[in-house]
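Protein chains in written order, with this note's numbering: chain A, 328 to 536; chain B, 328 to 536.
Keep in mind the hints are simulated off the structure, nothing from the lab.
It is possible that some hints are incorrect.
Since the list can't tell identical chains apart, any single copy or any two copies may satisfy a pair.
[Unchecked claim] Calculated lysine-lysine pairs in the DSS-like style (CA-CA distance at most 30 Å, straight line):
(1) Lys408 with Lys389
(2) Lys389 with Lys513
(3) Lys334 with Lys379
(4) Lys433 with Lys519
(5) Lys408 with Lys502
(6) Lys408 with Lys513
(7) Lys470 with Lys389
(8) Lys389 with Lys379
Since this is a predicted model, take the numbers as computed values, not measurements.
2 protein chains.
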Amino acid sequence: MEERLRKVPDIVIRRLPLYLRVLDNLDHLEMPIISSEQLAQRLGFLSGQVRKDLSYFGVFGKQGVGYQTVSLREEIRRILKLNREIRVGLIGAGNLGAALVGYHQKNQEHRPLEIVALFDVDSQKIGQQIAGVDIYAVSELEKQVVAFQIKMMILAFPAVDAQMTVDRCIQAGVKSFLSFVPASIKVPPGIKLQTADVSLELQSLAYYS
Amino acid sequence: MEERLRKVPDIVIRRLPLYLRVLDNLDHLEMPIISSEQLAQRLGFLSGQVRKDLSYFGVFGKQGVGYQTVSLREEIRRILKLNREIRVGLIGAGNLGAALVGYHQKNQEHRPLEIVALFDVDSQKIGQQIAGVDIYAVSELEKQVVAFQIKMMILAFPAVDAQMTVDRCIQAGVKSFLSFVPASIKVPPGIKLQTADVSLELQSLAYYS
């Protein structure tokens, strides 16, 4: 695997889990090789898009044949760094936070992403658990991020103090955020913040309604 | 606008809200025309993908010039049928349901999608409100779907009875579903069910963690 030569656009990274899901759902014995056309067709992409996306990582199918399904899957997992445990924290043990933890813990396919700690400011909640995960005080954020080696944080709290809270996480070592916070939050280069958006899904469903 | 000639792939429909968001965020006075390259670049797509997506609907930019931003935006809103109020129901007034309603009601950009009724089986909840929306008994599903003219339903309840509940909605006139239910649900042709998936977002974030 050669070194990465150019910056990979975020949108390409966001498509990799889609490729991964297709490959995960294939019978590898029945389909040891998959062409870019077959992969593209299952996702409604152009095959050139698939080839271009994968070429960012030096992954090229065999001309006129395709990709080996097993090794392509392993390669994408490696690119996404899913070949290791990733410790995830979640700030905001309210309705949304509780729902997310419950949902996540029930789905084995979410491994190797492991929600290891919840944070809240409500003293009634601190010390309790949701779905087996302990709730810590937000005042302990830095301490627990370091102790648990949390690299990814889910933000599921009201917009108050959002920027300050994210800054504290970054200083303690968090590298990426999935935000459900209805506020605009800035992060420095090298840190990734993605906004979860149910409204996009609802808008596309309007077409069918 | 000519009639639709071929079936539009779901994935194309799912990309339209992305185009819409780019167009909504443009200054139309500063940028009265946008090329497929410019649109593609903002989303990390190939420009051929953009042209192909829009051509499904008979929308073609002017050769060597591009699309008129205002009319393209209106056209996409029209294609997605967002140029009318769409009444949305939500089954499951638990953690996730409450979070979704609260989030939705706070965001003006979610109009014209209007959550008009919640449903639950818990007699403690029935008759209460969340974020100003009334909670009805699931036993009244058909009656209220008809009364409110609900065309889209959000499913945010545990997997029990999921298929039966969806079947009842369809019989009463619901056309599309956004499901957070961890169960496989079948719908007949002409009805759309989309599964919300936080795990895809978390997987792509692993790359940055």
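Verification of the supplied hints:
{"no.": "1", "hint": "Lys408 with Lys389", "in the structure": "within (24 Å within a copy, 43 Å between copies)"}
{"no.": "2", "hint": "Lys389 with Lys513", "in the structure": "neither (42 Å within a copy, 37 Å between copies)"}
{"no.": "3", "hint": "Lys334 with Lys379", "in the structure": "both (13 Å within a copy, 26 Å between copies)"}
{"no.": "4", "hint": "Lys433 with Lys519", "in the structure": "both (26 Å within a copy, 25 Å between copies)"}
{"no.": "5", "hint": "Lys408 with Lys502", "in the structure": "within (13 Å within a copy, 39 Å between copies)"}
{"no.": "6", "hint": "Lys408 with Lys513", "in the structure": "within (24 Å within a copy, 33 Å between copies)"}
{"no.": "7", "hint": "Lys470 with Lys389", "in the structure": "neither (49 Å within a copy, 58 Å between copies)"}
{"no.": "8", "hint": "Lys389 with Lys379", "in the structure": "both (14 Å within a copy, 27 Å between copies)"}
The structure fails to meet hints 2, 7 from the earlier list, while all remaining hints are met.
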